[in-house]
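Peer 1: Here's the letter readout for the chains.
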Amino acid sequence: MQSGLPVLPLDSLLWDVWKRRADEKPYAEAIVHWTAGKEPYRWTWGGLVESAARFSNLLQSRGVKPGDVCAMIFRHHADFYPLYMGISALGAIPAVLAYPNARLHPDKFRQGLEGMARKSGLNWLLTEKELGPSLESFVRRPGGSIRGILFPLEGPDAPPFSVSWRMPQNGAAPHGPCLLQHSSGTTGLQKAVTLSHLAVLRHLAHYGKAIRLHSEDKAVSWLPLYHDMGLIAAFHLPLAFGIPTVLLSPFEWAAAPILFLQAIHAERGTVTWLPNFAYNHMAICVRDEDLEGIRLDSLRLVVNCSEPIRSTSHDGFIRKFARFGLKPEVLGSSYAMAETTFAVTQSEPGMGPRRAAASMKALAQGIFRPALPGEKTRVCVSSGRLITGCEAKIVDEARRELPDDRVGEIAVRSLSLFDGYRNDAEKTNEVLTGGWYFSGDLGFRHEGEYYVVGRKKDILIVAGKNVYPEDIEDAVCGVPGVIPGRAVAFGIENETIGTEEAAVVVETAVVQKDLLKEMKLLILQAGMEIDVTISRVYFAPPRWLIKSSSGKPSRRINKERALLELGPS
Amino acid sequence: MISQRLKRVVLEELGLDGFEMTSSTMASQVPGWDSLAHLRVLAAVEKEYNIRFTSLEVIPLKNVGDLQLLVDKKIRNRSPVS
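Residue numbers (my numbering), protein chains in the order written: chain V, 1 to 569; chain L, 1001 to 1082.
Mixed in with the good hints, there may be bad ones.
Stated by the list, open to error - Here are the computed lysine-lysine pairs in the BS3-like style, where the Cα-Cα straight-line distance is at most 25 Å:
1. V/Lys108 - L/Lys1074
2. V/Lys218 - V/Lys25
3. V/Lys38 - L/Lys1074
As the list claims (entries may be wrong) - For each label pair, taking beta carbons as the anchor points, the in silico distance ranges come out as:
4. L/Thr1022 - V/Gly350: 45 to 55 Å
5. L/Asn1077 - V/Glu565: 28 to 38 Å
6. V/Asp23 - L/Arg1078: 37 to 47 Å
7. V/Glu565 - L/Asp1017: 42 to 52 Å
8. L/Lys1047 - V/Pro542: 37 to 47 Å
9. L/Asp1017 - V/Lys209: 19 to 29 Å
10. L/Thr1022 - V/Lys38: 46 to 56 Å
11. V/Gly37 - L/Lys1047: 47 to 57 Å
Think of the hints as simulated: they come from the structure by calculation, not from any bench. These figures come from a predicted structure and were not determined experimentally. Glycine is no exception: its CB is placed at the ideal position from the N, C-alpha and C atoms.
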């Protein structure tokens, strides 16, 4: 089938590709910026690229140089997109960071940023004036990498007029870095991945083919752009191919998910990407009466990605929205990660992801086999087949390859693989060996398709966000009454909301009920300060936690024991 | 000023006991009141008062005081003074 899409020139820079789109169709829509209660702002290709060039000029005049890493910390803003592109036009490297949630303690935000600045080598902070005062100390720090804070979307830093957008890129090369992504996480543990223009364009070319992207497509997304799924799938992919993308605010989506469905209806959106919890959030929270007049027939692909896929989430989503034109076959799935630019696998568009009813007993022994009648079953949802340019294998603890239907760690090799975490040789050596990236995810291959069933690492994925248990444990150990170093955090599956919830067991000598009630509040608040909602707190007496052979409390064993023996407070 | 009734509904929905809440308290300051729990809390308030919020009404809410004002407005509109 002809896609009607241009072939991506792999020896180019992203800016050259965008300029080409502006030359080809200056009046066509590139980005539609949706904000609740306002008319959408519609960027044409000509307007977008011209504005990007102005921002580029502005940044250059403020001292930003090619190769500089520019952290972008903004809320939903129509000028964010040309600013991002303007950084690229200059030959600098954009790095989108999350705008601090009001829950996050300012000190924790600063600590996280400090860790990122150190590891990622951030050179500039581009942000909103509101954040300025809390970030000033970064610039004054001796020996720090940050050279300045700019407020390019406000006040005197607004972009000047009259610049040419046919600017050179100051020596940037296709093999050079074009963006920096961070693994999502809580505080200082984010790992930075830089990707080259070549890696990104090559990946977009392969991924576009895998989802049968065509010229009539229109992407719709509320995903944050600091996440690879939002940045690569919903932003870079449509831009590179010149198809329009409709972008909403993640905060507004969470508060009013109907907005996303209204955007799909109004804009006739065809493709979107969602983390698993979003299926449940919309199925539960959107009211039928608000859906009156909304049609979702235009959708041809809804890709579930970035969290383990739950069949019940897909079922609930279809049950809820089928009456409004959502077709079951539009559901899709993908296995993706920032380290491979984005996708490794993709389900066949228009077919719905395959399912395998696995014996839970066999899975616990590391083997996939279909469940026998009467046996406890886990319905595993396939993440699809490898996309072109990617290889994967399932390996055992010694990293030896396992045959089909055996559960092990998923290792990936890809044409668009990162070449290591920036300034972090230790972490890089842990996961990158012989050109293979060892993902830490557990899964199996069955009839050529990949099924992700768990994680080797203890990391929690709460509503699409990676949370390191160490961060939660450190935070709650500061609460008076908790015995220092005696806390264990873990995730508990919540089928209703379609994601994991964070739980913590803490040892304490306190037994009085009213004091325990106070401690619980302080523990929940300690979680809030690192932007983690702790849903369950278990109190245990001193020396209750079981240690592993390494001398540290084992999260898996203590989770099982807590669920069995302790009631949440 | 927020009513005891509103306070009770919110804290019950979040499973909190003994948390102090005033009209200037923001959701982000209340344990468990995150973006996913937000709609659950609002649904509980709607049920308690037999009112309905629209998405455009709930997005600008900044604190519990704003929520109280919205609830009061909804109740007034439901039973206009003759």
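Peer 1: Is the hinted range of 47 to 57 Å satisfied by the C-beta distance from V/Gly37 to L/Lys1047?
Peer 2: Violated, since V/Gly37 and L/Lys1047 (Cβ atoms, about 25 Å apart) do not stay within the stated range.
Peer 1: Has the given pair, V/Lys108 with L/Lys1074, been kept, meaning a C-alpha gap of at most 25 Å?
Peer 2: Violated, because 39 Å separates the two Cα atoms, which is more than 25 Å.
Peer 1: Using the Cβ atoms, figure out if V/Asp23 sits within 37 to 47 Å of L/Arg1078.
Peer 2: violated, 57 Å
Peer 1: If I claimed the Cβ atoms of V/Glu565 and L/Asp1017 lie 42 to 52 Å apart, would that claim hold in this structure?
Peer 2: 23 Å Cβ-Cβ, so the 42 to 52 Å window is violated.
Peer 1: Between the alpha carbons of V/Lys218 and V/Lys25, is the straight-line distance 25 Å or under?
Peer 2: Cα-Cα ~16 Å, so holds.
Peer 1: For the hint 28 to 38 Å, verify it against the beta carbon of L/Asn1077 and that of V/Glu565.
Peer 2: Violated - the Cβ-Cβ distance for L/Asn1077 and V/Glu565, about 52 Å, lies outside 28 to 38 Å.
Peer 1: I want to verify a distance hint. Is the separation of the beta carbons of L/Thr1022 and V/Lys38 within 46 to 56 Å?
Peer 2: Violated, since L/Thr1022 and V/Lys38 (Cβ atoms, about 31 Å apart) do not stay within the stated range.
Peer 1: Within 37 to 47 Å or not, the Cβ separation of L/Lys1047 and V/Pro542?
Peer 2: holds, 43 Å
Peer 1: Go ahead and decide if the range 45 to 55 Å is satisfied by the Cβ distance of L/Thr1022 to V/Gly350.
Peer 2: holds, 53 Å
Peer 1: Measuring from beta carbon to beta carbon, are L/Asp1017 and V/Lys209 in 19 to 29 Å?
Peer 2: About 55 Å separates the Cβ atoms of L/Asp1017 and V/Lys209, which means 19 to 29 Å is violated.
Peer 1: When you check the alpha-carbon spacing of V/Lys38 and L/Lys1074, does it fall within 25 Å?
Peer 2: Since the Cα atoms of V/Lys38 and L/Lys1074 sit roughly 23 Å apart, the hinted pair holds (cutoff 25 Å).
In terms of the numbered hints stated before, the structure departs from hints 1, 5, 6, 7, 9, 10, 11, listed from lowest to highest.
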